[in-house]
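Residue numbers (this note's numbering), protein chains in the order written: chain Y, 1 to 268; chain P, 1 to 158; chain L, 1 to 271.
Do not take every clue at face value.
So the derived list for chain L, only partly shown, Cβ under 8 angstroms to chain Y, looks like this [stated by the list, open to error]:
(1) T137
(2) E138
(3) S141
(4) G142
(5) E144
(6) M145
(7) A147
(8) V148
(9) L264
(10) T265
The calculated lysine-lysine pairs, modelled on DSSO-like cross-linking and capped at a C-alpha distance of 30 angstroms, are [as the list claims (entries may be wrong)]:
(11) Y:K122 to Y:K221
(12) L:K152 to Y:K122
(13) Y:K34 to Y:K221
(14) L:K203 to P:K54
(15) L:K152 to Y:K51
Read the hints as simulated data drawn from the structure, not as lab findings.
Backbone N, C-alpha and C fix where the C-beta goes; we use that ideal spot for every residue, glycine too.
Here is what each chain is made of, one letter per residue.
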Amino acid sequence: MIDEEPLVTIRNLRFSRGERAIFDGIDLDIPRGKVTAIMGPSGTGKTTLLKLIGGQLRPASGTIHVDGERVDRLGTRDLYRLRMRMGMLFQSGALLTDIPVFENVAYPIREHTGLPESLIRKLVLLKLEAVGLRGARDLMPHELSGGMARRVALARAMALDPMMIMYDEPFTGQDPISMGVLVKLIRALNDASRLTSIVVSHDVREAAQIADYIYIISNGKVIEHGAPDAMLNSASEWTVQFMHGLADGPVPFHYPAPGLAQDLMGGI
Amino acid sequence: MTQNRTMEILVGAFMAAGFLALFFLSMQVSNLSASSGGDGYQIQARFDNIGSLKVRSPVTMAGVRIGRVSAIDFDRKTFEAVVALRIDSEYAQAIPEDTFAKIFTAGLLGEQYIGLDAGGSATFLSEGDQITHTQSALVLEEIIGQFLFSKAEEGAKN
Amino acid sequence: MEYEANAVREFAVLEQLARLGRIGIGSLEQLGRGHLLLLQVLAGVSELLTRPRLLLNQLFSVGVLSVLIVAISGTFVGMVLGLQGYYILSQFGAEQTLGVMVAASLVRELGPVVTALLFAGRAGSALTAEIGLMKATEQLSGLEMMAVNPVKRILTPRFFAGFIAMPLLAAMFSALGVIGGYFVGVGLLGVDDGAFWSQMQSKIDLYDDVLNGVIKSLVFGFVCSWIALFQGYGAVPTSEGVSRATTRTVVHSSFAVLGLDFILTALMFGE
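Kindly generate the complete structure, drawing on both the sequences and the hints.
Structure representation (structure tokens):
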């Protein structure tokens, strides 16, 4: 692990949206062949980070290297070529709603390869089999449950056998069963096809369960990073609060306000 | 697959209907055959005054439209208007050389057109020939002017 | 006290000025974005030629699905023109020219303009909503991450479908309108059949009237599709944002069509 160069290297990344700085000098390494979880409270720009890695957004400053290529400087053509080796699983699945499951998975293959129809069919069925939805190939996206839609999207993200898959909040809004299925799938796919996985999530338990390495981001900075066990037993109060989901701690329960007694009296 | 096929057929029908409508507008509503300026032959006529005759005004013979005005020029030597008439090819060998060309007005306020009165000659006009007998447009102001003038003269006599 | 009131008033005036400035800058920015998007859309034409299927699908949803409303409106507008025209023209004993009146108003003005307005309401709003929703559900981002350019793949076919469909729809509108006018004028009110057509044919010119009408509807098709796509692509990706964008599409398209119609008419029919 140490001798291998990380797949994604981010150095001193700054990005802001309007006046608000989303990232304020972030350094991050995503090791090859591992599952890396990026965690943090809602609204810390975890999805933005994935878009930066995918080249959909450009940073204000700093560098992002993916597999040796500098994403933030790539031209459109090179960027598209690089993206063919990346998969991304969006929170909503982002399936094309006007074509059935089979065509959705076949889409990137048809787009980027000139493979014959018979071969495309085999490939798609294999990908669907891997996520357990071979039987659902003729359904339309609106007929799928949220968990199934994500699994189809996962099959689509893997269609071109990418080197890396980015998961954007894969566990949000899932019932325990489909959550379990997704956890198992992400881990299994990663190990079976030597993928690199980046999971953005704030579901601590699931993320800690599958991740090999965890980054915690808050307020535009990396707060802490390390193996899951180390994080759960971290010395930092903040990390402990986040990892164990405590209501009060360094992140206060109360929004800053004058004292309650004073406030109540002042109203009279 | 059948869904694709239905869509193809419907789009095809849509395109066909659209072009059919365009065809209808060109052939039935406007008159495509009449405005094809290429064929036919051209003759000339000189008028002292063409009134408000315009390029593309109709040329008729016995009330049948046989061509259109294709150009209007001014001869600076004779101070006449030179009007080029393009006659449809189906009316070749139909205009005797002593034909009379007059400028008429369709209705009291309508547009002006050229009416040809056939002569009796056995030789016919062809490309580049000129109609020698012409009568200018009636200009309403002149007619009224003449009318008033003659009334005034009558009044002076009495 | 008075000084303070003055200061407040002055501040309010400045604030209004600043607001005006912001609106101006904002509209210029929108205009710039619109043109950039248009360039990207047009740049996708080569890809469209290699995948005509995309265009076919869009011609279906933009063209075929608009036929019914355009056909019905065209017929009824023509019938009303026949009726109204007859009442006015018969006062001058000129009901023979009913055909001219019906055809000229349809081919020159009502066909292109009303079709464009209907198009904006029927197809334009649907385009905006569709693209806005694709954006809201991350489908456009998803395409991007699949290394597929969403502008070329999604917007370009829709743009050209609108551009092609509009003149065809307008021609259907005018043709059915003329037939509707014929039905009322000749069928119900007893205008002479021959005079109706012959007067029309002698007065309506293929180039001056029919072709100019087609040019108008091409321009309208261009503008309406452009506005619909721009609003959809720039929509705030929430349900409220999409609904606002849809409304804007209809309003902006209608204004653009009416304003452009005036300019085009002045250019085409003014001597």
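Close enough to count: is the Cβ of M145 of chain L nearer than 8 angstroms to one in chain Y? Holds. Min distance 4 angstroms.
Take a quick look at whether K203 of chain L and K54 of chain P sit within 30 angstroms of each other, Cα to Cα. Holds - the C-alpha atoms of K54 of chain P and K203 of chain L are around 13 angstroms apart, at most 30 angstroms.
Please verify that hint: A147 of chain L, Cβ, nearest Cβ of chain Y, below 8 angstroms or not. For A147 of chain L, the interface hint holds, since the closest Cβ of chain Y sits about 4 angstroms away, which is under 8 angstroms.
So, V148 of chain L near chain Y? Judge it on the closest CB pair being under 8 angstroms. holds, 5 angstroms
Using 8 angstroms as the Cβ threshold, decide whether T137 of chain L counts as touching chain Y. With a minimum Cβ separation of about 5 angstroms from chain Y (threshold 8 angstroms), the hint on T137 of chain L holds.
Interface restraint verdict for E144 of chain L against chain Y (beta-carbon cut-off 8 angstroms): holds, 6 angstroms
Classify the hint on L264 of chain L as holds or violated, based on whether any CB of chain Y lies nearer than 8 angstroms to its CB. violated, 35 angstroms
Keeping to a limit of 30 angstroms between CA atoms, is the pair of K122 of chain Y and K221 of chain Y held or broken? Outside the cut-off at roughly 45 angstroms; violated.
Could you check if T265 of chain L really has its C-beta closer than 8 angstroms to a C-beta on chain Y? Where the cut-off is 8 angstroms and the nearest Cβ of chain Y is about 39 angstroms from T265 of chain L, the hint is violated.
With the threshold set at 30 angstroms, check whether the alpha-carbon distance from K34 of chain Y to K221 of chain Y stays at or below it. Satisfied, since the Cα-Cα distance of roughly 22 angstroms is no more than 30 angstroms.
Restraint status (C-alpha distance of K152 of chain L to K51 of chain Y at most 30 angstroms): holds, 20 angstroms
Can you verify the interface hint for S141 of chain L: is its Cβ closer than 8 angstroms to any Cβ in chain Y? holds, 6 angstroms
In summary, the numbered hints that this structure violates are 9, 10, 11.
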